[in-house]
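Enquirer: Here are the chains, one letter per residue:
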Amino acid sequence: MSAGMKLVVEDLRKDYHRQARRRGEDDKPALDGVSLAIEDGAFFTLLGPSGCGKTTLLRCIAGLEIPDGGEIRLGDRILFSSARGINVSPNRRNLGMVFQSYAIWPHMDVSENVAYPLTVRGRRGTYGRADIDRRVAELLDVIQIAHLAKRKATMLSGGQQQRLAVARALVMEPPVLLLDEPLSNLDTRLREDLRVELTRIQERLGVTSIYVTHDQAEALAMSSSLAVMRDGAIEQRGTPEELYDYPRTRFVASFLGAANLVEARVRSVDDRGADLYRFGAETVWGARFDAVGRVPFRPGDRVSAALRPEGVQVIPRAETGTDDAWSGAIESVQFLGDAVVYFVRLRDVLLRARSDRGGRRFAAGDAVRIELRSEACTLVAD
Amino acid sequence: MTLKTGPVAALAGTALSENDPGAGWTGPVAETLLRGFGWLCLAAVAAICILPVLLIVLGGFSEGEPINAFAPTLEPWARALESKHTIDSIVTSFVLSLRVPAAMLIAFFIAWYLARNDVFGKRAIMFSLWVGFFLPILPATLGWILLLDPNFGLVNDWLKNLPFVSGPAFDIYSLGGITWVHITLSTIPIMVILIEPAQRLIDASFEEASTMSGAGTLTTLRRVTVPLIAPTLLTAFIAGTIRSLEAFEVEQLLGLPADILVYSTRIYHLLRVIPPDAPQSMALSSFFLVIMFVLVLVYRVWLQRASMAATLTGRGAKLQPRQRTRGSYAVSAFLFLAVAVTIGLPFLMVLLSSFSRLFGFFHLPDPWTFGHWATVLEGDEFLRAVNQSLMTGAAVAIAGTTIYLGLAWFIARNAFPGKGALSLAIWMPWALPGVLLGTAFLVIFLNAPGLTIFYGTAVALVTVLIVQGLPFATHLFEASIGQVSRELEESSLMSGAGRLETVLRITAPLVAPVVATVFVLSFMSAIKDISATVLVSTPDTLTLPLLMFVYATSGRLEVAAVVGVITVLIAMAMALLVTWIGDRAAVIR
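Top line first, the protein sequences correspond to chains A and B. Per this note's numbering, residue 67 is the first one in the first sequence, and the count goes up by one each step. Per this note's numbering, residue 63 is the first one in the second sequence, and the count goes up by one each step.
Just so you know, the hints here were simulated from the structure itself, not pulled from any lab data. Watch out, some of these pointers could steer you wrong.
What the hints assert, rightly or not - Over the 10 Å line for every Cβ pair with chain B, so calculated as not near, a few chain A residues:
#	residue
1	Lys94
2	Arg158
3	Ser167
4	Pro183
5	Arg187
6	Gly191
7	Leu244
8	Ser291
What the hints assert, rightly or not - Simulated restraints on C-beta separations:
#	chain 1	residue 1	chain 2	residue 2	range
9	A	Ala299	B	Gly98	45 to 51 Å
10	B	Arg185	A	Arg255	56 to 62 Å
11	A	Asp281	B	Ala477	28 to 34 Å
12	B	Pro571	A	Ser101	27 to 33 Å
13	A	Ala196	B	Leu359	30 to 36 Å
14	B	Leu631	A	Arg255	38 to 44 Å
15	B	Val360	A	Ala299	31 to 37 Å
16	A	Glu329	B	Phe478	48 to 54 Å
17	B	Ala477	A	Glu307	39 to 45 Å
18	B	Pro571	A	Asp207	26 to 32 Å
19	A	Thr254	B	Gly98	58 to 64 Å
Ideal Cβ positions, reconstructed from N, Cα and C, are used throughout, including at glycine.
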């Protein structure tokens with residue numbers, strides 16, 4: 067893959083209702099001025115709920131949708147620019163794409179499906195028959211479906227179809243691979259296997275990948291970098307850990323890792339530099355706690371506190387003997403196999419606490435107290 | 063991918079991308095050109111569909127022909143409404159169209175039984191139905207004349223030997239006779255052909271859920287099955303009714319001796335009397351146009367509302383056909399008998415009479431001869447007609463299939479204003495009976511400046527046949543392209559294939575069974591059609607069916623039978639092809 071093929075998107079806009087005669091209240095633009103730059107070789111994930119514009123963004127990059135405005139560049143090649151009147155058609159962009167439905171052509175066998183991109187008119191003559199066979203065989207080997215080469219595409223299982231779709235998208239060695247929720251049609255077990263598999267292939271081939279998903283676990287596990295989208299705009303981007311540990315908004319915090327969101331007020335601020343702040347804060351009912359955050363709040367600001375379930379520790383109330391603002395009772399218990407989740411009632415809020423199986427066990431109705439582990443709490447904007 | 067219109071798209075189309083190394087045919091400029099070409103084609107199709115209809119409507123209000131000698135008047139309408147013949151023909155047409163619901167009921171039960179049970183010889187039965195549908199109706203009618211003619215019909219002769227029968231038991235020259243020929247040779251076969259696959263596609267769990275709820279077979283049929291395939295039933299009903307209103311050959315051949323006139327034969331007569339009364343025929347047609355237009359409109363509105371039901375089908379396991387029982391063997395025996403009597407018998411008669419000295423007189427001392435075959439095979443006329451049919455058929459099939467597929471793809475894959483109106487315009491040629499479509503094109507080819515050079519050439523024939531086939535084939539393609547997921551095409555674009563290459567290498571192969579069926583159907587129109595081409599053709603451009611029509615109407619029935627047998631053989635080969643394609647398609651799925 068050529069080096070320095072940075073994908074840059076600038077102020078991309080797309081509004082499906084632009085031409086609608088009557089515009090409803092909810093008719094927001096699908097893309098509302100999106101800008102981002104994706105480094106060569108990155109595994110970049112667009113994460114967000116359905117309707118947030120992530121698939122539209124991917125399809126605009128692919129060329130399957132024509133944006134209303136903005137610019138898309140790959141290296142020094144302009145793929146789309148409304149200002150310059152450039153719109154390279156999808157078949158000339160030379161990008162690989164894996165569709166949600168896989169879009170395996172049922173009238174071709176496995177190797178015919180993979181060979182197709184090498185045999186289209188634009189590339190005719192570039193590859194000899196032997197060359198095509200060799201590339202297809204190599205790729206099927208990498209994707210581990212070489213033994214299925216001559217099988218009818220309709221006779222494949224879901225996982226095999228998915229692998230085939232990836233092979234087909236990679237055969238022409240595209241600088242960028244686009245993946246539109248490629249794992250969403252598979253069952254949980256297979257999904258986890260293929261997650262590992264996709265990361266392995268991506269690392270081995272080093273192809274820049276843009277991955278669209280609404281599954282936060284997938285996004286955290288696979289990406290080298292990710293962006294959370296909301297209402298046609300990018301809410302926050304960074305590495306998975308960065309986003310998980312330091313969400314900037316309530317939306318990001320709730321979307322990644324099922325955080326407890328509690329209304330709070332800032333009491334003190336300590337600027338640690340490098341955009342990291344330590345806060346003293348208290349909940350609306352007066353429970354005090356320490357928190358971190360990326361947003362420069364001031365003392366007195368009304369904020370939301372995101373408490374990670376794994377940072378919420380449940381201890382028996384009798385051990386401390388006090389009955390303070392962090393005291394409550396277990397409302398219900400969920401057994402997850404490797405962990406236990408307690409729902410703890412504190413005044414008006416219900417906190418989710420996750421503990422390992424090894425710890426002390428509680429039952430519904432037990433009087434308990436909550437302790438927060440350090441750095442388990444982040445202050446976020448609404 | 064949808065084509066977007068608007069300033070940005072227009073902008074994208076104005077400049078060539080300098081960064082795009084291979085910006086050639088698929089670049090933005092080409093995109094705009096392609097879109098413009100698409101629009102041009104749409105406009106042409108709309109014109110070609112609407113023009114004949116417009117001509118007919120205008121012609122009804124003019125004494126002169128409507129292109130060059132338009133003279134506005136209400137006279138033609140007055141003549142039509144005063145003529146007893148005309149009024150009678152309207153009434154008769156409606157009475158005859160009642161065969162459609164009756165045939166549908168029978169066809170529904172046959173289709174349901176065939177779809178839900180493992181019937182012995184099912185493929186043979188379906189094949190016979192296709193043969194019945196493909197058979198040119200003229201020789202079949204001749205066959206039934208041989209059997210049921212009140213004077214010399216074999217069945218009548220044989221029945222006279224029974225003690226309680228005096229005089230002919232059946233008279234083919236009657237409303238009953240016309241209905242019988244239609245119902246056995248076209249209405250029931252085509253309905254079964256249409257309904258059976260729809261029946262099979264419905265998820266078995268719908269019916270099973272009803273059975274588990276305690277409903278009996280009939281209740282399940284009435285409350286679950288019928289509502290679910292209602293769109294198909296309605297399509298079949300509307301198409302059948304329109305077809306029945308415009309049917310021509312049988313009515314002409316069987317109705318004439320009994321003074322039975324229907325709408326289409328009345329029009330033919332008005333055009334053939336001396337002096338011809340084209341304006342009155344056009345006024346009469348306009349009246350029927352309105353009726354058909356309303357039918358189609360109701361159909362479309364209803365179909366849109368019922369589209370919810372269509373999305374319910376095709377999920378989950380398909381029904382395993384019920385095992386063969388003694389009852390199913392009985393049903394299959396009955397179906398074989400029915401097919402033999404209704405389709406086999408008349409053609410046996412045609413075959414026999416092609417070797418008979420005198421049509422219908424098998425009891426002469428020396429009834430058999432090869433003379434008619436020799437006459438036909440040695441004559442120039444026949445060879446010319448075969449040639450004409452094959453050439454016309456090939457032209458219609460190739461050009462027609464390409465046009466229908468392109469048009470359907472454009473409609474199915476693009477959203478644009480006026481799409482609904484265009485879709486409606488495409489139905490229009492169907493609302494015109496073949497005779498009248500032929501008339502309209504005759505008027506155009508005789509009068510429209512620039513087009514007169516085509517009069518009397520094969521181009522005229524091909525054009526009429528393509529337009530006649532357009533509604534059905536285009537909607538068939540539109541429906542099947544709609545079933546091809548958009549992502550299948552998009553992934554081809556992403557693989558680097560252009561739009562045309564994508565349609566050719568992905569879309570077309572995926573709808574291949576439909577492509578093949580349309581191809582064969584289009585080809586068959588040149589082997590079958592009489593009504594639309596009878597007026598446009600000249601002695602130089604006679605196709606096989608027209609040659610047969612000329613022979614039959616000029617009293618040379620034995621020779622007509624020879625041509626009929628040959629046409630039947632071609633039809634059977636085509637039916638074989640279609641069922642073979644259907645089987646292969648089933649394997650792919």
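Enquirer: All hints, please: hold or fail.
Expert: Results for each hint:
The beta carbon of lysine 94(A) is kept farther than 10 Å from every beta carbon of chain B, the shortest such distance being approximately 18 Å. In this structure arginine 158(A) is not separated from chain B by more than 10 Å, as the shortest Cβ-Cβ distance comes to only about 6 Å. At the 10 Å boundary, the C-beta of serine 167(A) falls inside the reach of chain B, the nearest C-beta of that chain being 5 Å off. With a minimum CB-CB distance of about 4 Å to chain B, proline 183(A) fails to clear the 10 Å threshold, and the non-interface call is violated.
Against the 10 Å criterion, arginine 187(A) falls within the reach of chain B, whose nearest CB is about 5 Å from its own CB. Residue placement check: glycine 191(A) keeps its beta carbon more than 10 Å from all beta carbons of chain B (closest about 13 Å). A cut-off of 10 Å between C-beta atoms contradicts the statement that leucine 244(A) is not in contact with chain B; the least separation is 8 Å. No Cβ of chain B comes within 10 Å of the Cβ of serine 291(A); the nearest lies about 23 Å off, and the non-interface call holds.
Between alanine 299(A) and glycine 98(B) the Cβ separation comes to about 36 Å, which falls outside the hinted range of 45 to 51 Å. In this structure the hint that arginine 185(B) and arginine 255(A) lie 56 to 62 Å apart at CB is violated, the actual value being about 43 Å. In this structure the hint that aspartate 281(A) and alanine 477(B) lie 28 to 34 Å apart at CB holds, the actual value being about 31 Å. Checked against the hint of 27 to 33 Å, the pair proline 571(B) and serine 101(A) fails, with Cβ atoms roughly 41 Å apart.
Range check, alanine 196(A) to leucine 359(B): Cβ separation about 60 Å, and the 30 to 36 Å hint is violated. Against the hinted window of 38 to 44 Å, the Cβ-Cβ separation of leucine 631(B) and arginine 255(A) comes to about 59 Å, which falls outside the hint. For valine 360(B) and alanine 299(A), the Cβ-Cβ distance of about 47 Å falls outside the hinted range of 31 to 37 Å, so the restraint is violated. Look at glutamate 329(A) against phenylalanine 478(B): about 51 Å separates their beta carbons, and that is inside 48 to 54 Å.
Roughly 44 Å separates the CB atoms of alanine 477(B) and glutamate 307(A), a value that falls within the hinted 39 to 45 Å. For the pair proline 571(B) and aspartate 207(A), the beta carbons lie near 28 Å from each other, so the given range of 26 to 32 Å is met. One distance hint, 58 to 64 Å for the beta-carbon pair threonine 254(A) and glycine 98(B), is violated here, with the actual separation near 50 Å.
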